[in-house]
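These protein sequence lines are chains A and B, in that order.
Going by the working numbering, 145 is the number at position 145 of the first sequence; the sequence numbering is gapless.
Going by the working numbering, 34 is the number at position 34 of the second sequence; the sequence numbering is gapless.
I should point out that these hints are in silico values taken from the structure, not numbers from a laboratory.
You may find that some hints are simply not true.
As the list claims (entries may be wrong) - Partner residues aside, some chain B positions facing chain A, computed with beta carbon under 10 Å:
1) Leu97
2) Leu101
3) Ala138
4) Leu140
5) Asn142
6) Ala179
7) Gly183
8) Glu186
9) Leu215
10) Ile223
11) Leu225
12) Val238
13) Ala242
Said to hold, decoys possible - Covered stretches of chain B (chain A as the covering partner; in silico rule of three or more C-beta atoms under 8 Å from a C-beta of chain A):
14) 60-68
15) 265-277
All values derive from a computational prediction rather than experimental measurement.
C-beta atoms are modelled at their ideal positions from N, C-alpha and C, and glycine is treated no differently.
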Amino acid sequence: MGNLILKRLLLAVPSLIGVVIVTFLLTRALPGDPAAYFAGPAATAEAVEEIRVKLGLDQPLIVQFVRYIGDLSHGDLGSSLTTGQPVAAEIKRRLPASAELTLLGLLVSMAIAVPLGILAATQPGSLIDHACRVVTTAGVSLPVFFTGLILIYVFYYKLGWAPAPLGRLDIFFSPPPQVTGFYLIDSLIAGNGALFVASLKQLILPALTLGIFSLAPIARMTRASMLAVLSSDFVRSARASGLSSFTVVVTYAFRNAMLPVITTLGMVFSFLLGANVLVEKVFAWPGIGSFAVEALIASDFAPVQGFVLTMAIMYVALNLIIDILYGLIDPRMRLEA
Amino acid sequence: MTALAATVRHARYVMGENPVTGFAFALFVLIVIAAAFGPYLVPHDPFASDTIVALKPPSLRHWFGTDQLGRDVFSRVIVATRLDFFIAIASVVLVFLMGGLAGVAAGYFGGWTDRIVGRIADTIMAFPLFVLAMGIVAALGNTVQNIVIATAIVNFPLYARVARAEANVRREAGFVEAARLSGNSEFRIVGFHVLPNVFPILAVQMSLTMGYAILNAAGLSFIGLGVRPPTAEWGIMVAEGAAFIVSGEWWIALFPGAALMIAVFCFNLLGDGLRDIVDPRRRT
Chain A
1 MGNLILKRLL LAVPSLIGVV IVTFLLTRAL PGDPAAYFAG PAATAEAVEE IRVKLGLDQP
61 LIVQFVRYIG DLSHGDLGSS LTTGQPVAAE IKRRLPASAE LTLLGLLVSM AIAVPLGILA
121 ATQPGSLIDH ACRVVTTAGV SLPVFFTGLI LIYVFYYKLG WAPAPLGRLD IFFSPPPQVT
181 GFYLIDSLIA GNGALFVASL KQLILPALTL GIFSLAPIAR MTRASMLAVL SSDFVRSARA
241 SGLSSFTVVV TYAFRNAMLP VITTLGMVFS FLLGANVLVE KVFAWPGIGS FAVEALIASD
301 FAPVQGFVLT MAIMYVALNL IIDILYGLID PRMRLEA
Chain B
1 MTALAATVRH ARYVMGENPV TGFAFALFVL IVIAAAFGPY LVPHDPFASD TIVALKPPSL
61 RHWFGTDQLG RDVFSRVIVA TRLDFFIAIA SVVLVFLMGG LAGVAAGYFG GWTDRIVGRI
121 ADTIMAFPLF VLAMGIVAAL GNTVQNIVIA TAIVNFPLYA RVARAEANVR REAGFVEAAR
181 LSGNSEFRIV GFHVLPNVFP ILAVQMSLTM GYAILNAAGL SFIGLGVRPP TAEWGIMVAE
241 GAAFIVSGEW WIALFPGAAL MIAVFCFNLL GDGLRDIVDP RRRT
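Same shape as in the complex, but just chain B:
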C-alpha cells in the first residue's frame, strides 16, 4: 500500500511538473466518457438520414454540420469514439499478450526460444508496417476483428524486444535465484516473478503505441478495410468526406479527422507522461 501511495505521490509530482501530462489526462477522461456514454449523450441519431438537410455547414442545430445523407456529423464523431477506442485497446492488449509473453520467454530461456522469437520479429520488421497490416487484413478477411489482429501483429516486434531485454536482465537477479532455490518451476518463475516485474515497462509501451494503433486502424478503414458504412468510425468518415473536400464541404472530413488527431495526440502525450512516472531515467 505504501508503494502505491508513493506512486500516486510521484504521479502527482510529475503532473505538477509537466502540466501537459495533466492536460493529456483530462483529454483522456473525455475520450473515455465519449466512448462509454457517447450514444446516450448525442443530440441526434447518428444513423438517421434526412436528405432535406444534407450537406449543411455547421449550425446551432448541427454543430459539426451534416453529411451527404443528412446525418449529424457531431453525433457520428462522438459515437465513433467507442469503436476507435475499442480497436486501439483491443489491439494493444492483444500485442501485450503475444509480444510480452514471447519476449519474456525469449529473454528468460534464451537459446532456441530466443532465436525463434527473434526471427519472427525480424521478419515482421522486414515489411513496411502499414503495408503488412493491409496484406494481413486482406488475407484474413475484411472485418474489424482482423484490423485488431493486424495492428497487434505489426506491433509485435516492439513489445517482444522490450520484454526480451527486460527479462534478460532479470534472469540472474537475486529474487529469481531465490524463487528457483525455493523449488519453483521455471514456468512459475517466468509467470509469477519475472513477468510482474516487466509489466510496468510494457504498460508504458502500451500507452505509447495506443496512438499508433488508432492511426493504423483508421488508415486501414480509410482505404476501405474492416469497417463498412454506415458504421460511424473516424477513418471511414474522413474517407466519406474526402469526396466533398474538392467542392468545399470541409466539415464532413474535418471533424472526424480532428477527433482522430486529438485522440492520437492525447495518447502520445499520455504515453510520455506515463514513462516519466514509471521510469524517471528515460525522461527526455
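For reference, chain A alone in the conformation it holds in the complex:
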C-alpha cells in the first residue's frame, strides 16, 4: 500500500512542475512591459527601471525562473498592487470560505446524483430514467451563474426563504472563533446553534448552485456503471441465491459500481473549482475566487497569478487523493502496485 502511494506521489511531480512553469510563463506573457505593468500607470521611467531591477526582469529568463521558484518555496506569491498586502496571506485567509462552499457543493451533488443514477439504472426506460437523462443534459447546459441568479430570485426575492446573497454571514452575526475556518464546523465547536443555522442558510443557495452544475457527470457515471454491474455474473448469482433485491442492489452492486464514479470525481472537481469562481461572484462570497475576480477587474496581476497557482496545486492534490482513495477501495489496485 505504501508502495502505491509513493508511486502516485511520484506521478504528481511532473504535473506540479508543469503547473509552476505555466504560471511563471503567464506572468512573462503580460502584454507590454511587465515592469511598467507592475509599476502602475503613473510611474516615471526611473521608477519603472527600479521595479525592473527589483523584480529581476533585467535578468535572463532562466534566472528569473529560479528566483520565482525560490520565492514560491518561501510561500511568497508577491503583493497585490491595489492593497499592497501579500497575496499568500490573503489567499490563506480566504481559502476556508471557498473550500467550505466547494465541499458542500460536492456533497449536495453527490446526494442528488448518486440515488438518481442508481434508480435510473435499476429501472431502465422508466420515468425516473428519463428524468435522469433530462436532469443531466440540463445540468451541463445551465450556465452556473444563471442558475445562481434564478435561485436568488425565487428563494430570496419571491419566497423570502433565503437570506440576502451577501457573503458568508448576516451582518448581525460575528464569525465563530477560528478552528477549521469552516463556519459550519467552527460554530458547532463553539456550541453556537443560532450561528450554525445562520451560516447554513447563507451556504444553501450557493452550494445548491454548484451541486446542480456538477451533478451531471456523477449521475451519468453512476447510471452507466450501475447498469454494467447489475448485468454481471456475481449479481446474477446473488439474485439466484434468493437475496432480496435491496441487498443485491445496495450491498453487492452499489459498492462495485462506485469505483468508476470515484474516478470521475477528478473531472467533477475541475468543474467545481472553475464554477466556484462564478458562484462566488454571484453570491458575493468572500473566497479566493472573488479575490481573483476583483483583482482581475483592477488589472492587478499578482493575486490572479497566486489564485491560478493555488487552484492548480489544489487540483493536483485532489486528483492525487482520489487516486489513493481508489487504491484503498479497490484491492486489485493494491495487487498491481
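Starting from the known structure of chain A, fit chain B onto it as the hints suggest.
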C-alpha cells in the same frame, strides 16, 4: 457522390429515429439566422438608451423589457447571438487546428512528438479548466480574441487525445502502407491520407465542445473579462442584470441567460446527434 447520398440517407434515418436531433437542428438553424441577420431583424436599436423607459418589465412594445439604461433587451439578446456564436465557432476551429494537427502528428510519428504533445496536454489538464482560461485571458490581455484563444487552449487536450488515438490506429493501415510504397513523403501521408480519415471524428468533437466553448466564454465575460459594455453579449448582459435580480427586475438577466442556455442545450443535443450519424457504435 454515392457516399454522400448514403450519409444523407443515414442522417435522415437518425433524425427520424431521434426527433430530438431534428428539434436541435431546427434550433440551430434559428441561431444561425439570428447570428447572420440579427441586426437587421430586431425591432429596436440595441444600443439606443432611453432613460424614460428604463427598467420596464416585458410588454408588447418591449418583448423582453428594458434594462437600466432603457435599452431593449430583446434586441440586445438577438444581436448578441452573432458575437457568442462567433466566439464559439472561432475557438472550436482554432482548437481543431491546434489539437487535431498535434494529436495526429503525435499518433502517427510517436516517439518524441508523442511525448511532447502528451506532456503539454497533461499540463493543461493539471489545471481546473476555467481557472486556467481566466489566467490566460488575464495574462494575454482583456480582449475577445484572447477569450477565443483561452477557450481553445483549455480544450486542447481533448482534441489532441482523440486525434492521437485515431491516428495511431491508422498508422499501419493498408491505405497508409500503399501511400508510403507509392513514394509519398511522411508529411504528405499525414496531411492527405491520415488527417482526412480522422476528420469526421474530430468534427463530432467540435460540435460536442461548442456548448462548452460558449459557456466558457460567457463565464469569462460574466466576471468582466474580454467583452466590455456596452457590447451586447449574453454573459455580460447576465452580469449587468445580476444587480437587479435582488430588487425583482428579473427580465434583464433572465432572457440573455435563457438564450445562452438554449444555445448550449442545442449544441449538446446536436453533438450527440452528429455522433450517431458519424459513428453509430458510440450511441448511448
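Regarding the hint that Gly183 (chain B) lies at the interface with chain A, is the smallest CB-CB distance below 10 Å? At 40 Å from the nearest chain A Cβ, Gly183 (chain B) fails the 10 Å test, so the hint is violated.
Let me know if the C-beta of Leu215 (chain B) comes in closer than 10 Å to any C-beta of chain A, holds or violated. Interface hint status for Leu215 (chain B): holds (6 Å vs cutoff 10 Å).
Closest C-beta approach of Ala242 (chain B) to chain A relative to 10 Å, hint status: 6 Å, holds
Does the nearest C-beta of chain A fall within a distance shorter than 10 Å of the C-beta of Ile223 (chain B)? The hint holds - Ile223 (chain B) has a Cβ within 10 Å of chain A, the shortest such distance being about 5 Å.
Taking 8 Å as the C-beta cutoff, is the stated coverage of the region 60-68 of chain B by chain A satisfied by three or more residues? violated (count 0)
Agreement of hint Val238 (chain B) with chain A interface, Cβ distance less than 10 Å: 6 Å, holds
Holds or violated: is there a CB of chain A closer than 10 Å to the CB of Ala138 (chain B)? At about 5 Å, which falls below the 10 Å cut-off, the nearest Cβ of chain A leaves the hint on Ala138 (chain B) intact, so it holds.
Is the shortest C-beta separation between Leu97 (chain B) and chain A less than 10 Å? At about 21 Å, which exceeds the 10 Å cut-off, the nearest Cβ of chain A leaves the hint on Leu97 (chain B) violated.
Chain A covers the region 265-277 of chain B, three or more CB atoms within 8 Å, holds or violated: Satisfied; 3 residues make the cut.
Restraint satisfaction for Leu140 (chain B) [CB to CB of chain A, less than 10 Å]: OK, holds: Leu140 (chain B) within 10 Å of chain A, min 6 Å.
Taking the closest Cβ pair, is Leu225 (chain B) under 10 Å from chain A? Where the cut-off is 10 Å and the nearest Cβ of chain A is about 6 Å from Leu225 (chain B), the hint holds.
Against chain A, run the beta carbon of Glu186 (chain B) and see if the smallest gap drops under 10 Å. 29 Å, violated
When held up to the earlier numbered hints, the structure conflicts with 1, 2, 6, 7, 8 and 14 and fits the remainder.
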